[in-house]
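Now that you have both chains on their own, put them together as the hints suggest.
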Amino acid sequence: MAIIEREIEVMAPMVATPTSTYGVLKRPVAATGWRAWVFTVDHKKLGLMYGVTAMFFFIVGGVEALLIRLQLAAPNGKVLNADLYNQMFTMHATTMVFLFVMPMAAGFANYFIPLQIGARDVAFPRMNALGFWMFLFGGIFINLSWFIGGAADGGWFMYAPNSGPVFSPTHGIDFWAFGLQITGIASLTGAINLIVTVLNMRAPGMTLMKMPIFTWMMTVVQFLLLFAVPVITVALFLLSFQRNFGARFFDVAAGADPLLWQHLFWIFGHPEVYILVLPSFGIVSEVLPVFSRKPLFGYPFVVFSGAAIGFVGWGVWAHHMFASGLGPVSVAVFSLTTMAIAVPTGVKIINWILTMWGGKLVFSTAMKFSIGLIVLFTVGGLSGVTHSVAPSDTQQTDTYYIVAHFHYVLFGGGVLGIFSGLYYWWPKMFGKMLNERLGNWNFWLMVIGMNLTFGPMHILGLQGQPRRMYQFTEARSGEGLFNFAFWNLVASIGSFVLTIGILLFLINVVITARNPTKSPLDPWNSRSLEWMTSNPPKEHNFDVIPTVHHLDEFFHRKYEEDPATHTMRQIATAEEIMAEQERNADAHIHMPSPSYWPIVLAFGLPVITFGMIFSHLIAVFGAVIVFFAAFGWALEPSTAPASDFETNNSAPSTALDTVGKS
Amino acid sequence: MNHSAKHLYLKRLVTSVLRMVGKKSQTLFGVSLLSFIAASCATNAPQDTWQPKGPNAKLIDDLQQPVFAVAGVIGLIVAVAVIYSVLKYKDRGQPIPEQTHGKPALEITLTIIPALILAVVAVFTFGAIFKLAKTDDTEMIINVTGQQWWWEYDYPVQNEFGITQPIISSGQLVMPVGTKVLLRETSRDVIHSYWIPALNGKRDAVPGRIQTLRLEADKPGIFAGQCTEFCGLSHANMRMEAVALSKADFAKWVANQQAAYVAPEKDSLAQQGEAVFLNQCVRCHQVNGLMRADGTPAIAAPDENVWAGAAPNLTHLMSRNTFAGASFDLLSKQCRDEVWNASSDTIGAKYLAGVSQDCLNQKDLRSWLRNAPEMKPMYANPTQLEATGGKYRGMPYLALSEDDISKLVAYLLTLK
Numbered sequence: 000m001a002i003i004e005r006e007i008e009v010m011a012p013m014v015a016t017p018t019s020t021y022g023v024l025k026r027p028v029a030a031t032g033w034r035a036w037v038f039t040v041d042h043k044k045l046g047l048m049y050g051v052t053a054m055f056f057f058i059v060g061g062v063e064a065l066l067i068r069l070q071l072a073a074p075n076g077k078v079l080n081a082d083l084y085n086q087m088f089t090m091h092a093t094t095m096v097f098l099f100v101m102p103m104a105a106g107f108a109n110y111f112i113p114l115q116i117g118a119r120d121v122a123f124p125r126m127n128a129l130g131f132w133m134f135l136f137g138g139i140f141i142n143l144s145w146f147i148g149g150a151a152d153g154g155w156f157m158y159a160p161n162s163g164p165v166f167s168p169t170h171g172i173d174f175w176a177f178g179l180q181i182t183g184i185a186s187l188t189g190a191i192n193l194i195v196t197v198l199n200m201r202a203p204g205m206t207l208m209k210m211p212i213f214t215w216m217m218t219v220v221q222f223l224l225l226f227a228v229p230v231i232t233v234a235l236f237l238l239s240f241q242r243n244f245g246a247r248f249f250d251v252a253a254g255a256d257p258l259l260w261q262h263l264f265w266i267f268g269h270p271e272v273y274i275l276v277l278p279s280f281g282i283v284s285e286v287l288p289v290f291s292r293k294p295l296f297g298y299p300f301v302v303f304s305g306a307a308i309g310f311v312g313w314g315v316w317a318h319h320m321f322a323s324g325l326g327p328v329s330v331a332v333f334s335l336t337t338m339a340i341a342v343p344t345g346v347k348i349i350n351w352i353l354t355m356w357g358g359k360l361v362f363s364t365a366m367k368f369s370i371g372l373i374v375l376f377t378v379g380g381l382s383g384v385t386h387s388v389a390p391s392d393t394q395q396t397d398t399y400y401i402v403a404h405f406h407y408v409l410f411g412g413g414v415l416g417i418f419s420g421l422y423y424w425w426p427k428m429f430g431k432m433l434n435e436r437l438g439n440w441n442f443w444l445m446v447i448g449m450n451l452t453f454g455p456m457h458i459l460g461l462q463g464q465p466r467r468m469y470q471f472t473e474a475r476s477g478e479g480l481f482n483f484a485f486w487n488l489v490a491s492i493g494s495f496v497l498t499i500g501i502l503l504f505l506i507n508v509v510i511t512a513r514n515p516t517k518s519p520l521d522p523w524n525s526r527s528l529e530w531m532t533s534n535p536p537k538e539h540n541f542d543v544i545p546t547v548h549h550l551d552e553f554f555h556r557k558y559e560e561d562p563a564t565h566t567m568r569q570i571a572t573a574e575e576i577m578a579e580q581e582r583n584a585d586a587h588i589h590m591p592s593p594s595y596w597p598i599v600l601a602f603g604l605p606v607i608t609f610g611m612i613f614s615h616l617i618a619v620f621g622a623v624i625v626f627f628a629a630f631g632w633a634l635e636p637s638t639a640p641a642s643d644f645e646t647n648n649s650a651p652s653t654a655l656d657t658v659g660k661s
Numbered sequence: 000m001n002h003s004a005k006h007l008y009l010k011r012l013v014t015s016v017l018r019m020v021g022k023k024s025q026t027l028f029g030v031s032l033l034s035f036i037a038a039s040c041a042t043n044a045p046q047d048t049w050q051p052k053g054p055n056a057k058l059i060d061d062l063q064q065p066v067f068a069v070a071g072v073i074g075l076i077v078a079v080a081v082i083y084s085v086l087k088y089k090d091r092g093q094p095i096p097e098q099t100h101g102k103p104a105l106e107i108t109l110t111i112i113p114a115l116i117l118a119v120v121a122v123f124t125f126g127a128i129f130k131l132a133k134t135d136d137t138e139m140i141i142n143v144t145g146q147q148w149w150w151e152y153d154y155p156v157q158n159e160f161g162i163t164q165p166i167i168s169s170g171q172l173v174m175p176v177g178t179k180v181l182l183r184e185t186s187r188d189v190i191h192s193y194w195i196p197a198l199n200g201k202r203d204a205v206p207g208r209i210q211t212l213r214l215e216a217d218k219p220g221i222f223a224g225q226c227t228e229f230c231g232l233s234h235a236n237m238r239m240e241a242v243a244l245s246k247a248d249f250a251k252w253v254a255n256q257q258a259a260y261v262a263p264e265k266d267s268l269a270q271q272g273e274a275v276f277l278n279q280c281v282r283c284h285q286v287n288g289l290m291r292a293d294g295t296p297a298i299a300a301p302d303e304n305v306w307a308g309a310a311p312n313l314t315h316l317m318s319r320n321t322f323a324g325a326s327f328d329l330l331s332k333q334c335r336d337e338v339w340n341a342s343s344d345t346i347g348a349k350y351l352a353g354v355s356q357d358c359l360n361q362k363d364l365r366s367w368l369r370n371a372p373e374m375k376p377m378y379a380n381p382t383q384l385e386a387t388g389g390k391y392r393g394m395p396y397l398a399l400s401e402d403d404i405s406k407l408v409a410y411l412l413t414l415k
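Protein chains in written order, with numbering that gives the first Met the number 0: chain L, 0 to 661; chain V, 0 to 415.
Since the hints were derived computationally from the structure, they do not count as laboratory data. One or more hints might be untrue.
Stated by the list, open to error - FRET-style restraints, in silico, Cβ to Cβ:
1. V/Q157 x L/L259: 31 to 37 Å
2. L/L259 x V/D293: 48 to 54 Å
3. V/G161 x L/E473: 34 to 40 Å
4. L/F495 x V/I82: 23 to 29 Å
5. V/K265 x L/E473: 38 to 44 Å
6. L/L143 x V/I298: 43 to 49 Å
Owing to the predicted nature of the structure, the values given are computational and were not obtained by experimental measurement. Yeah, the Cβ is synthetic: ideal placement off N, Cα and C, and Gly gets one too.
Chain V extracted, bound-state conformation (with noise of 0.2 Å):
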């Protein structure tokens, strides 16, 4: 075929494809192909599996990325293959063409290329499959423990990173960069799943079962991730968020969660707060150190009111830039964007800093301890509990009065 036969071959075979499409069509048609190439996926996405951020997840990524390809240009080809014969092989008053049945030597060969492409790809999935299977290589475990609809953090005691007492945190798993953590998780009722996309593949925490899954960050960051495994009413509202920090901000923080309980000062609103959580909160949320007015420790017994047998450990609240589940943010917008933007040379320090009273987000706290089951729906009407024997599973609506909500607000600003 010469240079301009060619042409017009082409530009016959473009009209006859518009053409097919349909004048009315040609329009719509148009459209979705323009938004297609200029298809640009959004930036920034916080939970993007295509950008790993640990050795983990990039092991994942460089196994994937040749497939998607691989996967395109035969997709491409097929789509080739189908418009081409379809311009090609329409009826124009030619014969009936010959009933031949087939070409077994053809078929055979298309199908053992197909297969050959397969087992080549099945060698590199199956080498990742094991690495990432590894456990002996752990320096650093961290228990993980899911229910409706939180996560639960539990760092058994690890002298080399100066963990001499169990610490238990909710939400916002926080690691040190550049070693193998290994999670172990599991479940207090239903299967959950533990997601953070940029350091890893998912991990269902399954009650009954201990399943492990290896976290590793390379720079200090926040890495979202939610809960993927469908676990009832608020399955949207279980999130969850890794924080990396550098090896030297980790021990401050493994250091500040083993600080002592500091009471609230004398006569102020946070003491009348403290009060007001032993009267209520307390039920369910420990926070250690806590003593009661006759000098008796305040021990939380949720497994008395929760079906899952649980409750956040509020003893560092304020340590945590979030709440209920990651659901919702302790800091103000503006003081978020401060920290989730941070460089990874400053974040490790914005982090640690917590919440202050000028960056509390006050009116997501306050609505929370206003309503809890209205801004996340959740098994707490005391009137249909019937299938839990009484227990709720969530935070029930508690009655507080604005003043009692000021009061804890203050309080719970001390639990740094």
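Chain L on its own, in the form it takes in the complex (with noise of 0.2 Å):
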């Protein structure tokens, strides 16, 4: 376990790390106020941090989308003009897949895996707070662009050559480019980090098999991460060199196909749908069980059902390239991967009825979202088996078809399972329930509002609306009642439906967090080893590293099988194995401290990109930023002395309690 690590007696004289800070700055100690946040390496500070500045970006992006919906709400709409609705769809799907899913996913993740698995926190804590400060800086600079000569206007897809200096003449496209590469390292290095922390930080007892499954979800992800971000890398790199320093790589002219770029775009754009969608599988699969009062029906089959969608899920990216002339041969094989990765998708869904099906539900607002969702994103698979018949989909590729599918997926699937997460887990990040009345009417209107938005757009897409289209004319609109402007209105009008339901969750945060009232330590009676502690959990998450027999081990602290009957008794409260683990507390429990040099070095990035754009002279400044605070970082002592602490480590278990209620 590297993190935890323990006080020895005799120091070793290999260890290489160094123990002074050789005149640079000393470790923040800092527990309280802004430094506590900016400096931490806390993975739950750290998960919320990424969690609050995702929720953000999910405004910026909705917005971008409301205004595309009142853009198109009648025939031949005035509220932008090409330009602006072009950076808008462009800057909505960057900014809703990279910085609202992915960071979302990833704050769930950093939070509680680490919980889940019985570990004290990640194993690189300071790049995990390097990956969020990363992200978030990647994040502004891309919608700098807003304020510098305009967004991107290429699409999210960002196709070559459109994408190129002559057709794009903004900087929009560099900043693109260089944002997500920033917010690439970061989910790379957060990839890398959370691979290591599950395979090496698990509690004792606690095999593979008996993971919680949302941590397997997350972890199949990691791997996808792993492998698509590089690719990305790599294509951003080649745009970005061809846009900034005269590269030709996707210039027709000079030879190029630029049939290359979809490859390597889709390559990674494949995965990553699997990326967006796998945490809230992850999260479902959690929920479900929680609220049947059953285990997770058939859970190696999820497990290996999610397994193989991350396998598979490399094999079928050509199916966003059917139109584009790859010849009859890949055409099918591509058409017959996309059917296979329908079965191991349909297993979930199978297994989460299952799961339902005898038992004991209770309709909290975590389940009512989980329920959607198995509802909603059925209707997305199904519309992407559609898209598997290749013929077919080359009548439906690039219409709002495509677009009313996608949205089941990621609305429907991704953002429907990270409100169902929020409602269940906002008692063990903040100690407080959020209001279950206002969650009732906040999970009816998303989801009343997201039929409405989307379910119209099957029909438009259909009928033969191309998608990425600025007006519609009334010309191509059909006639009778239901044409092409009377589904637009509605689906702009349940764009607002929506809004007003996503404004519910805002509302219900704010009174939540004035409403004094505590919550209770187990509030939903779950099953996970999160749940074995304190709301929040302390700085060290666990006074006592429990050693895990089964799957669901806190239920089974709590609940025993009687032998005759089969039926479940309790035999514990939550409280009774919370007071346990306190008496039993391990003595010397020694967190990692915070860190400078995160902040530092994610800052030095953007200023080497923005220098790429503008001056090279930046660029210089920004490696001298990264240079020396990579420089700091090596040489800080891993560990602040104890001399630093206010309150030395006599007694640590009482003074890092403190530290975690603040």
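Set out below in structure tokens:
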């Protein structure tokens, strides 16, 4: 266990870690105030920071979506001009994919993977902080383009050669490519960190097949990131060199084939889809058993289908390119693989339903979101199967039918799962429960709003309205009441219903924050280890690292099966289990110390990329920041000396207790 | 379950669904449900993908309809299973159930069934993919080139159709019915995609590549299409139409396209328009047979002014119904409807009549000549062409006087 550094009596002489700071800064030790957040390496604080930042970008992306729907509410819309509309849909997708869903999942993973596997932090806490700051600065960097000449306007898929300097003369795409490069490094460091954490730091007794399903799905996601991000990194480098240094990778006149970009983009882009939905699949697979009072049906099937999706997900990318002229053999192969990936996805849906089957269902808001996900994701999955029929896809691709499809997948699947997780884990993260009545309204308005918004897009697409058009005209809208104008208006109204639903969530957060009522220790009668500690958890997570005997360890500490009747009877309460842990608390728990360097290093990167676009001198300055930050990082002692802390470590568990509650 | 028990059970089911939805959201739920039940679709949507008008599109439709049906049934089964378990297994104080971890036999069965359904779909899909990729039964070839933001059609010499010299046209693809036409697509700038939903699926036009798409229409008619690969600023305004004519009408169209240039009458407004054209438009737009005042042929040089290197050939402009990438009608509303709504027997004659003075959509054509970039977003601001070395992407503002515009319109009307 890398991170739980126990006090050792005799210092081994061969330790390579420097023990002094060589005149650089000491490690920060503040446990309260803004310093406690900015220099933190605590996985829980970083998880929350990921979540809050992702929510902010969700609102940004949402406003972009509303502007798009306002523009398309009627034929010949005049809210946005063509140029601004193209920027808007490019940035809406970029923001939602890279700056909302991915970091939100990263936030959940950061917060809950160590808790679910009974660890005290992640394997590389400073790298974890670096990841967050790179994501934040990368996200800000991409959005800076709005204020410096216009945002990227090539679509989030950024097909060459339309993304080249001739066809997109503003700096929008430069900001986009460099910004995504930075958030890409964040994803990579996060992936490596969490993979090492999951493989090395599980509590004793927790074999891989006793690991909570959310952690399993997130592990699959980290492997997908580990292999997918390098591909987009290469593609983005080619694009940046083409735009900023006169390279000609996608220049047809120089003999390039622009389909190279499409292959690179979608070899990243399709695994990316699973990167976006598997976290939510993990959340749902946690929530459904808790509120069905039953274990996940077919746990090994869900695990292996998740892993199977992770593998087969690499062999389906060209189904985004059925119209691009791949030739019939390639099209047939990718048709088949796309159908194949529907099978493990279907397995998940079947297992979720069978988890509820025969259960004792409690309809909390979290549960409602999860059940909503099963139905709505299924709609998106089935429309996905219609795309796997390649000839049929050549009619549907680049129409609103596709827009409908992937919003049912990413909103019906991804976002509903995220909201389920927020309601479920809110008491764990903040010690208070979100208001369930408001949650009910939140749920229904979101579900109704999303169906009103994206449902009609199926009809629009099948009747021939293409995507990415800043206006649609009456001439191509058909006749009768239910023409394009009607369905577009319905979609636009739906988007505002959806917005109200999401606003209710934000209102709920405020109301909950002001409500002094604390959550019970185990409000949902949960099953996994993250609930076997206080709400919110102490900085060191667990007073004693639990030894795991079962999948759903916490549930099995609370309940026992009656061998005669096979019914479950309670043998302990959460409070009793908690008290037991406190009695046996580890004597010496040493947590990693905060650090100045992650934020400094992360700040250097956008300075470099800003310089790449405008002046190489600025880039040199950024490189100097990065170099010195790395230098300071390397020379930093791995933990602050005990003398740096105001309270010494004579009674660590109580001292850290106060830290955790701050 | 006897009849009355069943009835009671259903009643309870419905009421609990309604209770679950909640009183106030009931109305909302009802309204959205009703609107879905009432949901018919737009009638006569020109780009409807479910109304094939030729064998290639029919092949796709025959394949996709059963897939949609099966997908719908599976979706319904899932929804019913979810609703059933929600109602049936709601917590009514029952004991915590046995902690079973699944039934492998059931799991495997439920995995194999969808796999088998998909295997059947795959067999039919494969057949369709290879049929749609066939090129050896082609009867006629038309080269199609995309550029920002219009399509050019180039008919190579094909004597069996009376095409004895290459025909270059734009906006509307004219083709004979019942003929297996093979489009050979490419692009001069970015990737575009050719799509006439009534006749076939899409095929991207990729610069540096030539890709093929089969088209065949059963009956005469005009079929709408739209560029479907995002191609920059005016992607929304890059449209096209396929016009299918009977073989006899197609022969007439070919003959007209190959007809020699007829200079406007002496001292007419149109003749003054020709002079304006020679002064301004011919820099980019070719009119075959047009002579300069000194008797030399006027050859357009769009490659010097336009990034993609081409501009629409206007030789027989008034034989088309639309202009500027099929974004605007050349025909007035009434005349347009007469052509578009004509029966398949009469549409050929009406289309071949072209655009007469009475039918011309003066308003749009004049605005276009007055300030094209205002009507259709393009990269045509001379001060912002650094990236292209001063070349336009689209048609610039020409600062024509109203007089010149009237003269030009009169001249363009002679380009039958």
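Okay, the hints, checked on the actual structure:
1. V/Q157 x L/L259: 31 to 37 Å: The hinted range 31 to 37 Å holds for V/Q157 and L/L259, with Cβ atoms some 35 Å apart.
2. L/L259 x V/D293: 48 to 54 Å: holds, 49 Å
3. V/G161 x L/E473: 34 to 40 Å: holds, 38 Å
4. L/F495 x V/I82: 23 to 29 Å: Roughly 28 Å apart at Cβ, these two residues keep to the hinted range, so it holds.
5. V/K265 x L/E473: 38 to 44 Å: holds, 43 Å
6. L/L143 x V/I298: 43 to 49 Å: With Cβ atoms ~48 Å apart, the hint holds.
Violation of the numbered hints given earlier is absent; every hint is satisfied by the structure.
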